[in-house]
Amino acid sequence: MLLLDLPSPLPVFIYLMIFGPFEKYVRPYRSRILFGTLCIGLGQAAAARIPLLIGEAVDVVSATDIASGQQLASIETQVVYILALALTVALSGYAMRKFLGYASNLIEYDIRTSYFAHLLKLPLSYYQRHHTGDLMARATNDLNSVHVFFTYGIRGIADTALGLSFTIGYMCLLDWELALLVLVPMPFFSIIMIRIAAVINTRYKAIQEYFGLISNFIQENLSGIRVVKAYVQGPPQNAAFDKLNLTYLDKNQSYISTRANYRPLSYVIASLCLGLNLWFGGKAVIDGEMSLGTFVAFNAYLTQLIRPIMFMGWVIDRSQRALVSMRRINEILDDEPEIQDRGLPPAGEHQIEGRIAFRGLSFNYGNEQILHNIDLEIPQGTTLGIIGRVGAGKTTLARAVPRLIQTNPGQLFIDDVPIEKWHLETLRDAIGYVSQNPFLFSNTLNANIAYGATDAEQEAIHHAAEQAQLRKDIEDFPEGFATIIGERGVTLSGGQKQRSTLARALIRLPKILILDDALSAVDTHTEEAILGHLREIMRDRTTIIIAHRVSTLRDADHIIVLDEGRIVERGSHDELRENGGFYAELCQRQELSAELETL
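Just so we're aligned: the sequence shown equals residues 1 to 599 in the working numbering.
Just so you know, these hints were derived from the structure itself, not from any lab. You may find that some hints are simply not true.
[Claimed, not checked] Below are the DSBU-like pairs computed for lysine-lysine, each with C-alpha atoms no more than 30 Å apart in a straight line:
1. LYS205 to LYS121
2. LYS229 to LYS243
3. LYS229 to LYS24
4. LYS24 to LYS121
5. LYS121 to LYS421
6. LYS205 to LYS243
7. LYS24 to LYS98
Let the sequences and hints guide you as you build the complete structure.
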């Protein structure tokens, strides 16, 4: 446990309050943080000595029983000491900023890296439950709050704590009775600050949650900008955004109204302390109970005390913001991925051949059962066609093969090995998955096709594009394969997007190819050409094709019909057509539709 062996001058309770949520990220850099804190201590110790020297100099100057030569020599000595202490303050301040600044940047880097890596490990179901905008807000706005805390907050905490300690210590050394009288308001100030901190924590959490909602709203509208414009939804979306923004504004105003108490309270407390010192200290000087130098030094210490008192509000504010933000980040990091590799052999030890077996596979999304007792064998090198109504469970069945969803152990086998026994990298390297919603990155066509096959040569990229019937389209683009296609492939048509993602899968030469309604936006002629190429490419490989068009599945070795998560029909195209079920009816409807189009 880190707390047991922490070599820090800060009390354990402060460490618990401040670093609890950050413990794992602080540990590698605790020596930097410790050294930076020690530099703060050195600087504060040096700064706290200066008023005492000034007070001694005042006593020397005001003394009537010391020769002028001795007075001048004494003052010169005090000046040298003060300059030396000032240099110490400056050098320690430089070292402190360097060490704490470096530690802050490294901690921010580690948190951001861990956060992104963890997001990539989380299952698809996680992103159905969480908004993308909120996840982005945690990675940006919340992480920035953490960064500010580690850059300035640690320094502020140590500065305030050590500054108060040294200043109050020297005040007690000069006159402990006067120090107690002057500092009477401080306990009340501390109680008020603690209560304000609790309110700040609650209100800032609400702000960050609403910032996540706003981020998600903007992200959704920008992603669907074509739909917003096509349906003339600009004004309604503006109104909805304004409502969110007003609520966010209200929460910020509430937060500011609480935060605004800090400086006035600090000023009042500091003024009370100064007033008490002037009254009691001035009276002591008049009565001859205190020297003028001691009074000046005491006043200087009170002036030094004002800064940490005023700074305390900012420290509390930043600390509470960082605690809220780190807890929000940890909410994501603490979620264990459902799909994990546990004690499996490293990739490369075993090669997948492509035999797939579903043995009593059932699957639930929450309380809703999607698949019911699926029994199905797909021999290596064969093509399975899957068809059925919308919501029948086709995509869920396809996603189970690359473990994009977590199925029950012992219900899905690849090459007679339970799928959970395969290393994820080995499994997914052997599978080319083309989803029904093609996704392309804001990069070149070249980079998008080679995604996942970064060592692919240009010839292989061109060949994959040709197999996907995309080569001619690309040659018509001014920049060819170097064309930047925009976010989500915004410059491409629906068919071009689908063929681009198909080329991305084909370039990997997968042992198992899954096409999840991946040709729906392609015309019949292009579809036939693509399927002709696929028959050549996938001759010794396993293919799963999900489609709504019967023509897409005509040449499949085996076809199943899904309805409400159950296999209700199975067989070849000719067998299913003769059986007179859903498949036969679909054949008739689609053939009639094709005939009508030719008229």
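Cross-check of the supplied hints:
no. : hint             : verdict
1   : LYS205 to LYS121 : 26 Å, holds
2   : LYS229 to LYS243 : 20 Å, holds
3   : LYS229 to LYS24  : 47 Å, violated
4   : LYS24 to LYS121  : 19 Å, holds
5   : LYS121 to LYS421 : 17 Å, holds
6   : LYS205 to LYS243 : 19 Å, holds
7   : LYS24 to LYS98   : 22 Å, holds
Of the numbered hints listed earlier, the single one contradicted by the structure is hint 3.
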